[in-house]
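Position 90 of the sequence shown, counting from 1, maps to 293 under this note's numbering, and the rest follow consecutively.
If you are wondering where the hints come from, they were derived from the structure by calculation, not from laboratory data.
Everything numeric in this text was worked out from a predicted model, so none of it was measured.
Using N, Cα and C, we set each Cβ at its ideal position, and we do this for glycine too.
A portion of the hints provided could be inaccurate.
Pair ranges (Cβ atoms, derived) [stated by the list, open to error]:
#	residue 1	residue 2	range
1	294	235	28 to 36 Å
2	294	345	42 to 50 Å
3	351	229	22 to 30 Å
Below, a list of computed lysine-lysine pairs in the DSBU-like style, where the Cα atoms sit at most 35 Å apart [as the list claims (entries may be wrong)]:
#	residue 1	residue 2
4	356	245
5	211	237
6	308	237
7	292	211
8	250	344
9	308	250
10	308	241
11	356	237
12	356	250
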Amino acid sequence: MLSFSVRKCPGRAEETARELLLSLLSDEYGDWGKVLYKQIYKNQNGKPLLPCVYGVYISISHSRNFAAAAIADSPVGIDVEEIRPLMEKNVSVLERYFAGEDTEKARTDPTGEEFYRFWTRREAAFKAYATRPFYTEDPVKGREESISTYIQKFGEFRIALSVACTEDKSDDE
Numbered sequence: 204m205l206s207f208s209v210r211k212c213p214g215r216a217e218e219t220a221r222e223l224l225l226s227l228l229s230d231e232y233g234d235w236g237k238v239l240y241k242q243i244y245k246n247q248n249g250k251p252l253l254p255c256v257y258g259v260y261i262s263i264s265h266s267r268n269f270a271a272a273a274i275a276d277s278p279v280g281i282d283v284e285e286i287r288p289l290m291e292k293n294v295s296v297l298e299r300y301f302a303g304e305d306t307e308k309a310r311t312d313p314t315g316e317e318f319y320r321f322w323t324r325r326e327a328a329f330k331a332y333a334t335r336p337f338y339t340e341d342p343v344k345g346r347e348e349s350i351s352t353y354i355q356k357f358g359e360f361r362i363a364l365s366v367a368c369t370e371d372k373s374d375d376e
């Protein structure tokens, strides 16, 4: 099971991300979803967790005017970013922490779309899988098929949204 949602929300992105998460949990688990929501806490890295519930994983993201949330029965990560023209600070982040073909495409796309596609994939994968800091390992490597990226238009805005999630194989054995 994987369910996610994104919403435009000028000025209240963090609050909206929590509302989306509550809605997803309620849709999947009914009244029990509200009980689950009250059990959420953030770990030392700020990642929301449901520590007392096996097999329910959650992730939220917010960026300026947008919020997103995801729930799944295996580790999940979601990231949303509003696409803006590429700026020098974006290029310096790429050059400082990353290398390769993806970064070259991102660096040469003035619209910013490739940068945000690249960035959201790594953020979502990091939230789902990584155990070390974002820049010390490539959380996407070897997991490319488990990450979906969408470029979406909302009125005058465009967003990049990535969701990372693998199927839980433990029940198949």
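For each hint, the structure was consulted:
1. Checked against the hint of 28 to 36 Å, the pair residue 294 and residue 235 fails, with Cβ atoms roughly 46 Å apart.
2. Against the hinted window of 42 to 50 Å, the Cβ-Cβ separation of residue 294 and residue 345 comes to about 26 Å, which falls outside the hint.
3. Residue 351 and residue 229 have their C-beta atoms about 24 Å apart, which keeps the hinted 22 to 30 Å range intact.
4. The straight-line distance between the Cα atoms of residue 356 and residue 245 is roughly 31 Å, inside the 35 Å bound, and the hint therefore holds.
5. Between residue 211 and residue 237 the CA atoms are separated by roughly 23 Å; this keeps the pair inside 35 Å, and the hint holds.
6. At roughly 43 Å between alpha-carbon atoms, residue 308 and residue 237 are farther apart than 35 Å, so this suggested pair is violated.
7. Taking the CA atoms of residue 292 and residue 211, the gap is about 25 Å. The hint holds against a cut of 35 Å.
8. Under the criterion of a C-alpha separation no larger than 35 Å, the hint pairing residue 250 with residue 344 is consistent with the structure, at around 21 Å.
9. Distance check on the hinted pair: residue 308 and residue 250 sit about 30 Å apart at the alpha-carbon level, within 35 Å; holds.
10. For the suggested pair residue 308 and residue 241, the alpha carbons sit about 42 Å apart, so the restraint of at most 35 Å is broken.
11. With a C-alpha separation of about 31 Å, the suggested pairing of residue 356 with residue 237 holds against the 35 Å cut-off.
12. Only pairs whose Cα atoms come within 35 Å are accepted, and residue 356 paired with residue 250 is accepted, the gap being roughly 27 Å.
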